[in-house]
Amino acid sequence: MPVSFFLVLSALLFSIGIYGVLARQHAVLVLLSIELMLNAVNINLVAFSAMLQEAGLGGQVFALFVIAVAAAEVGVGLAIVILIYRNRQSVDLDELDLMKW
Amino acid sequence: MNLEYFVFGVMFVMALGASLAMLFARNAVHAALFLVVTQVALALGFLLQGAFFVAAVQIILYAGAIMVLFLFVIMLLGVDTREALIDPLPGQRPLAIGLGGLLAAEILWVAVRGVELAAGGEDQATALTELNQNPGNVKALAAELFSRYLLPFEATSVLLVVAIVGVMVLARRIGRVPNTGTGAESASGSDKEGAAA
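One line per chain: the protein sequences are A and B, in this order. Per this note's numbering: the first sequence = residues 1 to 101. Per this note's numbering: the second sequence = residues 1001 to 1197.
Accuracy of the hints is not assured; some may be wrong.
Claimed, not checked - Estimated spans, in silico, between C-beta atoms of each pair: (1) Leu-98(A) x Val-1007(B): 22 to 30 Å; (2) Arg-86(A) x Ala-1056(B): 17 to 25 Å; (3) Asp-94(A) x Leu-1103(B): 16 to 24 Å; (4) Gly-58(A) x Arg-1093(B): 33 to 41 Å; (5) Ser-1147(B) x Leu-22(A): 24 to 32 Å; (6) Ala-1143(B) x Ile-80(A): 31 to 39 Å; (7) Gln-89(A) x Tyr-1005(B): 47 to 55 Å; (8) Ser-1147(B) x Arg-88(A): 42 to 50 Å; (9) Val-1007(B) x Leu-96(A): 27 to 35 Å; (10) Lys-100(A) x Arg-1172(B): 22 to 30 Å; (11) Leu-96(A) x Val-1165(B): 24 to 32 Å; (12) Arg-1148(B) x Pro-2(A): 22 to 30 Å; (13) Lys-100(A) x Val-1158(B): 29 to 37 Å; (14) Gly-58(A) x Leu-1095(B): 31 to 39 Å.
Claimed, not checked - Here are the simulated lysine to any residue pairs, SDA-like style, with alpha carbons at most 25 Å apart: (15) Lys-1139(B) x Glu-1154(B); (16) Lys-100(A) x Gln-1092(B); (17) Lys-1139(B) x Gly-1064(B); (18) Lys-1139(B) x Lys-100(A); (19) Lys-100(A) x Leu-1099(B); (20) Lys-1139(B) x Leu-1151(B).
Because the hints were derived from the structure by calculation, they are not lab data. Ideal Cβ positions, reconstructed from N, Cα and C, are used throughout, including at glycine.
From just these sequences and the hints, can you work out the full model?
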């Protein structure tokens, strides 16, 4: 199977994630879009790991690292979301204008 | 070979359709469930490329732990918080569509053209199956992870510990007598650290 199939899928998923981060207003949905982008990166890593087989399984190892970093990021991000909700009773990102000049 | 392409096609449609549905879902719970579908489809893609261990971790950790954490927080914040369809910043949504489309075009071009230039991406199935059969995927992965990538591995564990401590500090209530409402929220904090670890 040509590796470019997986690269195309990854590019589409990454762009969908970019759109979600730019356009959604619910903070949890923005975090979900970030997860989608991390997943797209994982597809690329595994696809290149399968393509460059002589170089070892480094791509799959890095996919595992990305998953671990995503777990840490989700924990901290959702804690921040809960904190924002506790302080302002809203998770709408457009209402977070505390630092707007 | 034909079966492989068929499975890839199913996986492609499933992942792309579910992520698009996630993008346009008004309800946050629906969006999270669509992301679960996307991640299961991607695990199928990992299986297709011989990354068995990564596929298992993807389902257990991503579609299991992390998405449960998301659903938990969505439930905590209230399910019926829907987005307003009007955007206060005028032109944000079309601009986001334009920029996202531009990025997609760029990455697609680089992906297809770059692989053509590298001229190595035609058929990698033989070497992969050989490596997956001789030491086995998990064994080969462990040998890489605990020898060559030992330092990043340890750094990742430090990162997880730091994240757990950070979440505990963030989710803690400072200097307030806990009433009936706070009991559930402090329980949510401990749940979250369990999932993040």
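Review point. Does the structure break any of the earlier hints, and which numbers would those be?
Key: 1, 2, 5, 9 and 18
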